[in-house]
Amino acid sequence: MTPLSAQKRAEARVGLMLAAPAILLLVLLVVLPVLATAGFSLTDYRLGTQAIGFAGFDNYAALWNDPRFWQSVANTATYTLIVVPGSVGLGLGAALLIESRGWLKPFYRVAYFLPVASTFIAMAIVWEFLMNPSVGLFNQILAALGLPSVNFLGNPQTALYSMAAIGIWELTGFNMVLFMAGLSAIPRDLYDASAVDGAESGWDRFRMVTWPMLGPTTFFVVIITMIRAVRVFEVAAVITQGRPEGATEVLLYSIYVQAFQYFNIGYAAALIVVFLAVTALIALAQARFGGQREANR
Amino acid sequence: MRRRSSSSLVSSIASHAVLMLGALVMLLPFLWMALTSLKPPQEIFRFGLHILPEQWGGAENYGRVFSDTPMLRFLVNGIVVCSAIVVLQVLIAVPAAYALARIPFRGRSLFFSLILISLLVPIQVPSLFLYLGFAHAGLLDTYASLVLPFIISAFAIFLLRQHFLHFPQEVIEAARLDNFGEFEIAWRIVLPSARPAIGAFAVFSMVAHWNDLYWPLVVVTDPAMATPPLGVVFFRNQESGSDFGALMAAATVISAPLILAFLLAQRTFVRGLTSIR
Amino acid sequence: MASITVRDISKGFSGQPILRNVSLDIRDGEFLSLVGPSGCGKSTLLRIIAGLEDQDGGAIEIGGRSVDAERPGRRDVAMVFQSYALYPHLSVYDNMAAPLRQRSLTQLQRGFGLARLLPEARRKEAEFRREIEATAAMLGITALLQRKPAQLSGGQRQRVALGHAIVRHPKAFLMDEPLSNLDAKLRDTVRAEISALQRRLGATFLYVTHDQAEAMTMSDRIAVIMEGRVLQIGTPSEVYHDPADLRVARFIGSPRINVLPGEVDSTGRPTLLGHAVDFKVPSSAGSRVQVAFRPHDALICSADDARLTGTIQHMENLGSDILMHLALPGADEPIIVRESYETAARRRLGDKVGLKLDPQKLLVFDEAGSARLGQDAPVKTKAAS
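Residue numbers (numbering that gives the first Met the number 0), protein chains in the order written: chain A, 0 to 296; chain B, 0 to 276; chain C, 0 to 384.
In short, the hints are calculated from the structure, not lab data. Here a beta-carbon is modelled for each residue, glycine too, at the ideal position from N, C-alpha and C.
Per the computed footprint, the stretches of chain A lying under chain B, defined by three or more beta-carbons under 8 Å from a beta-carbon of chain B, are: (1) 32 to 46; (2) 87 to 98; (3) 128 to 142; (4) 167 to 180; (5) 224 to 234; (6) 262 to 270; (7) 276 to 283.
Based on the sequences and whatever the hints tell you, model everything.
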């Protein structure tokens, strides 16, 4: 018996003790609720009713046949498809422009990052005010230019796009900072090498060095932004309540309404399972292709 | 040569113009919020474009925020809830992350898999079950219901595990030769090195929970228990779009703490908020 | 200071043997180097002596006392690591104070910052301060005492790591490739400094390196380790001039030793590439041998004056000397001969030249290379059997 192996066993006990609170809480606050929610989705449970009956896949069938659900899915998808390219593209553009300008760099960085460090719901309320059809700044400007007023968040034609614009405003600065970190990791030598190889314009340098070297960063930023975009909630819940005509009804808001306003537990649980599946798919795409990208470098 | 430098001057001016325009868009809501909070109602509702306040309405607007809502209470709630969450998260995550990184024990890899899976689960997924649980236990409208769901942070455990994992083995061996016990090594050598990582996480978590609206909206109906975001929502619904000056004042008050903290500690903030890498 | 005895140590990792019954005696106050290619087990041996690794079999004694049941912290040896292993969050002063505090303060005194309040601890702290300041002065790092490791250069960190080891007067110093993270120029300076330091302290040094030049220039004795075995222990000149094993001969010395295959003829003399050498070996006729000689133990002459001939393939100019690379028909690798600059100046690439060997300087090994043959063959070290 050597002293180390006895020590190893004692160590293992310590390890388990140190991890025990976390393990317990993880089971109680994550594992159990997730499993229970999956279970609820197979029942007709509604808060207030006495008996809970097994409903099989009825809730999922109801979802499938519910046009509101499909509208909510379509709205979330549209929102994501606008916000991801918008905020990733603007974030990249801002990062490239700011990195190439020494002067005022700290100011730009603070200005663009400020939305990330602010309380979003407060800013959403400010946006609502800016977009107000009568006294909002935007319509004052339109009126000053002699243009007709637009009810940005109140018109079914424009509500979702207005919400997406707010989303882009919220996420651009965050993506910019991630891109700036990615840019600073590109070795200067590569730009010198590309110059020797005949890259003359800024566009050449971007095409030959910056863009390929930013590949993994870009991929990561796209995934992160997608996950955040799919979780859009505040504006729909507080400002528009899904209106007008369901134009801003998004997945998380549907969940919130079904679960905590109608207390349709079984139905809400089925919605949550769908939502989890969507976010898990995005994350798995990252794990699958993100890992590959890293390996290919 | 001359041509080249003049063209670079043009491109410099152009890119500064673009960046300035972008910065204006980014800052516009903040500026408009602050300006409006200082205007009296008649100016806000007057037709036409007026940027700067002509008459001082700030005292009235901010006065209304503090008289019509328990604004101080909201802020205190926010501080209490966020601090409790961050402190508990760190207290629970540090030992677990240390064990995951440095001590082999039975079930360690299963535990780590659970952590990785939990990283994919947003709060909205367990919220239904947790709500039912808190409702059943009579804990709705309490600090407990606001804090408890978040005290386990898979992200904190993951982040700190990475940190502890990359702590150099040779330094630990040097400590053994210096007659440090295993507990002392953890407490006095490895843990102090994690301070910056813990700090970054604390910023990240503070910001996330100060801003969170979803969960307070679910478990809190009593304004006395509202966090700042929920408080401003209550105030908005109560005003129903009639007193924009006071509403903007309320938005300013609840955004101010984070914005000031960010302006004072930019580096820490950016590092914390982007630590999800 | 103390001697270290390593007896029959064996160690394997997942079924792969790393050390096979290694025995060593390190004398009190001796500078002994463990040298060998990477993966030969030398670092593992050092770590077993320090107590950082458990041996599978065998025993370690430090100062005549068995330490097998002792924790690393109780063995009273200091180690200097390749990466220097400084505590990143502590100042240089506190890095050097750590081993002192951990050894002579109680848990209570060193925990919770109480050291300042207790008179006993304060008296000791004052002692530590004297000790640390004296050591820092000796190493020329006094000005760095308040810095953090991250603010130091590689060379400075190396000095702090030495100071951290010296300050507590351990029974022995264990050094694991302490110079390999320094740049070449600094390495030469520090090499001389460490040797001087060892003489000054009169301390037992066990020094692990893969660099034979380091081992040759610094050590009292060298232990050459390969594939988990000690092949030879001896003074630098013994392992250089009297290698017990062809692998030792090949590893020690730069430029490398020359080796030619040979066969023993009926008179008991080996033939090299078909030419008999005037040198008898105690081996039966027809057995195959390997004959080795150092680059400075051969002479280049005109092709007509020698039986071994070859062409000049490459000339390596070292300034004062030139290394001539000769291609000999039938030899697997070129033969390297050291010539003075003046002599070599006459030669041109492609010249056909003769090679003269001094029979007295030839080292003859059996076919496997594991045993020396001939009247001058040294008695093999027991540990190598």
